[in-house]
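Asker: Chains A and B, in that order, are what the protein sequence lines are.
For the first sequence, this note's numbering assigns the number 1 to the initial residue and increments by one for each residue that follows.
For the second sequence, this note's numbering assigns the number 1001 to the initial residue and increments by one for each residue that follows.
FYI, nobody ran anything at the bench for these hints, they're computed from the structure.
All of these numbers come straight from a predicted model, not from anything done at the bench.
We treat Cβ as the ideally placed atom computed from N, Cα and C, and that holds for glycine.
Each hint should be verified, as a subset may be incorrect.
[To be verified] A short, non-exhaustive set of chain A residues, derived as facing chain B with CB atoms under 8 Å: (1) M1; (2) R3; (3) M5; (4) F8; (5) I9; (6) V11; (7) D12; (8) R13; (9) V16; (10) A51; (11) I54; (12) I56.
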Amino acid sequence: MSRLMEYFIEVDRSAVMRAAHQSEPFVSMSQFGLTADEQDALMSGEFGRVAGAIGIDAGKAQLSVMLVPQTIAMSNQLPALVIPQTVAIFEQ
Amino acid sequence: MTIEKKGRLVCVGTGMRMAGQITPIAQSYLETSDVVVGAASNVLQRRWLQGIAREYICLAGHYDIVEEDGKSRKDTYVNMTATIMEQVRAGKTVCAAFYGHPGVFACIANMAIKQAREEGYEAHMEPGISAEDCLVADIGIDPGARGMQSMESTQFMIYQRPIDPSGMMILWQIGIAGDLTLKRFDTEPARLQILVDKLANHYPLDHEVILYEAATNPFEKTRIDRLALRDLPAAELKQITTLVIPAAKAFVRDEETIAKLNALSPENQLAA
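Just chain A, same shape as in the assembly (with noise of 0.2 Å):
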């Protein structure tokens, strides 16, 4: 796993690595042992410059994978026997 993705996941489970980075976020990059490559595309806001600087795909990145179940709202269209619980949960 990159450096960058471990300080993602160090910032978003520790309360101390997120003050850290909220109130001098260059040196707690640094401390880290981001590149400054790495600093830069975190710094950027850019999804994409991030996913790449991780060494994801800048394309692949840009696709979120979105579960987009409103099939279970119009619970009328659909089969009964494929999900009878879920459609009877919509139902309620």
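Since the structure of chain A is provided, determine the placement of chain B on it from the hints.
Answerer: Chain B only, in chain A's frame:
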């Protein structure tokens, strides 16, 4: 003597972000299961899951079939369930990971658990932090204060649902509102105008509504855009955008019920 089936399924929620919103038990399942079958919120979350799972199978590819003739998201969900069950039937301990809460706007988890149980496998769900949880925290509207209605946008559009404008209303997936093909991942102003027209039966057009998008990593900004209801068709929407409609009317007292309650406790009357 019955032979206990070895495969096992647990569906966990990862929260909306990367590692900071996952419960300890969900993280433990991710780390110790034979295989993690995942639907991540984005590639960063997916990379994080890949880093902690022993083996990772991504469900994202199943969305590609909506490009095929005659296929829709309905087929996607059936195929995702089949992918999960294939691993369970192979005798593995399977952790199916969904962003947010695995049982909220993620029908695959319930489908897979039901299927697994019907086939004699042990299966259960562990809760996660949902988009609704983040919304309550970020916007600061307490659902307990005035009550809350919450439903999927297209469901609201195509069914006659009783609306209560004295409480908060949340319409999910506003970014694909009105799509009846189950093949699109967006909406358009004409569909949104139909939605606004329907809402206008209950809310004034100048009523302030909120477009909300939860942050999916610690560096992403939460979207909380306030606009008039009439301006919704022109707004920029994503698949993850949620429409929040704050209460627009005062409560109306139920005098009949109040009178019954007052009759039970004459010393503690609710004032008229």
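Asker: Confirm or reject each hint.
Answerer: For each hint, the structure was consulted:
1. For the restraint placing M1 of chain A at the interface with chain B, the shortest Cβ-Cβ distance is roughly 5 Å, inside the 8 Å limit, so the hint holds.
2. A hinted interface residue such as R3 of chain A counts as satisfied when its beta carbon comes closer than 8 Å to some beta carbon of chain B; here the least separation is about 12 Å, so the hint is violated.
3. Taking 8 Å as the C-beta contact cut-off toward chain B, the hint placing M5 of chain A at the interface holds, the least distance being around 6 Å.
4. At a threshold of 8 Å, the smallest CB-CB gap from F8 of chain A to chain B is about 6 Å, leaving the interface hint in force.
5. For I9 of chain A, the shortest C-beta to C-beta distance to chain B is roughly 5 Å, which falls under 8 Å, so the interface hint holds.
6. The interface hint given for V11 of chain A is met, as the beta carbon of that residue sits about 4 Å from the closest beta carbon of chain B, less than 8 Å.
7. Restraint check, D12 of chain A versus chain B: the minimum CB separation of about 4 Å is within 8 Å; hint holds.
8. Against a cut-off of 8 Å between C-beta atoms, the interface hint on R13 of chain A holds, since the closest Cβ of chain B lies about 4 Å away.
9. Restraint check, V16 of chain A versus chain B: the minimum CB separation of about 12 Å is more than 8 Å; hint violated.
10. Contact between A51 of chain A and chain B, as hinted, is supported at the beta carbon level, the nearest pair being about 6 Å apart and thus within 8 Å.
11. Hint status for I54 of chain A relative to chain B: holds, with the closest Cβ pair at about 7 Å, below 8 Å.
12. With a cut of 8 Å, the hint placing I56 of chain A at the interface with chain B holds, because the nearest CB-to-CB distance is about 5 Å.
Of the numbered hints stated above, those contradicted by the structure are hints 2, 9, listed in ascending order.
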